[in-house]
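Enquirer: Following my numbering, the numbering of the sequence shown begins with 1 at its first residue and continues without gaps.
Please keep in mind that the hints were generated in silico from the structure rather than gathered at the bench.
Do not rely on the hints blindly, as some may be mistaken.
[Stated by the list, open to error] Quick list of in silico lysine-lysine cross-link-like pairs, BS3-like style, CA-CA up to 30 Å:
{"id": "1", "residue 1": "Lys30", "residue 2": "Lys84"}
{"id": "2", "residue 1": "Lys37", "residue 2": "Lys55"}
{"id": "3", "residue 1": "Lys78", "residue 2": "Lys37"}
{"id": "4", "residue 1": "Lys37", "residue 2": "Lys84"}
{"id": "5", "residue 1": "Lys55", "residue 2": "Lys84"}
{"id": "6", "residue 1": "Lys74", "residue 2": "Lys30"}
{"id": "7", "residue 1": "Lys30", "residue 2": "Lys55"}
{"id": "8", "residue 1": "Lys84", "residue 2": "Lys74"}
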Amino acid sequence: MDGAIDIFYSATMAFQNDSELSVLPAGVVKNYLIFSKSHPMASRPIEELELSDFKDYSFIIRENYPIFTRSFTKTCSKAGFTPKYTSVSNQTQMLTQVLMNEGVLIIDDTHFFVKNSDIVLYEAQCHELIV
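Work out the full structure, taking the sequences as your base and the hints as a guide.
Expert: So this is what it looks like as structure tokens:
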């Protein structure tokens, strides 16, 4: 080892346009929209929901994740809308915003969250992981 990085694990959105890297897909991360069971979308069957159904709602994101925000904005654009974001600094604020119906949380399955009977998980777009 010469001190250089020989292998790196990340989401493709971080390096998808870098021509100097060799990218090998290693898996897929599932992304979810999480919203309160009292949210207006919760009354609809989960299998009938589409991302565009959430166009009038704010998406709750962690501060300082510009790569994810750019990627998700592109995904929403393909679904026909420009997302609105509410930025928070920690997971407690995220869950509080969701439970108060102040937005829809975007989270992937690499994050740990406690199963909560007051929230609904809706599987959204997937991102590949790279090595």
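Enquirer: Each hint should be assessed against the structure and marked as holding or not.
Expert: Taking the hints in turn, this is what the structure says about them:
A hinted pair counts as satisfied when its Cα atoms are at most 30 Å apart, and lysine 30 with lysine 84 qualifies at roughly 21 Å. Taking the CA atoms of lysine 37 and lysine 55, the gap is about 18 Å. The hint holds against a cut of 30 Å. A distance of roughly 27 Å separates the Cα atoms of lysine 78 and lysine 37; the hinted pair therefore holds under the 30 Å criterion. A distance of roughly 21 Å separates the Cα atoms of lysine 37 and lysine 84; the hinted pair therefore holds under the 30 Å criterion.
Our distance criterion of 30 Å between C-alpha atoms is met by lysine 55 and lysine 84, whose separation comes to about 8 Å. Taking the CA atoms of lysine 74 and lysine 30, the gap is about 17 Å. The hint holds against a cut of 30 Å. A distance of roughly 20 Å separates the Cα atoms of lysine 30 and lysine 55; the hinted pair therefore holds under the 30 Å criterion. With a CA separation close to 13 Å, the supplied pair lysine 84 and lysine 74 stays within the 30 Å bound.
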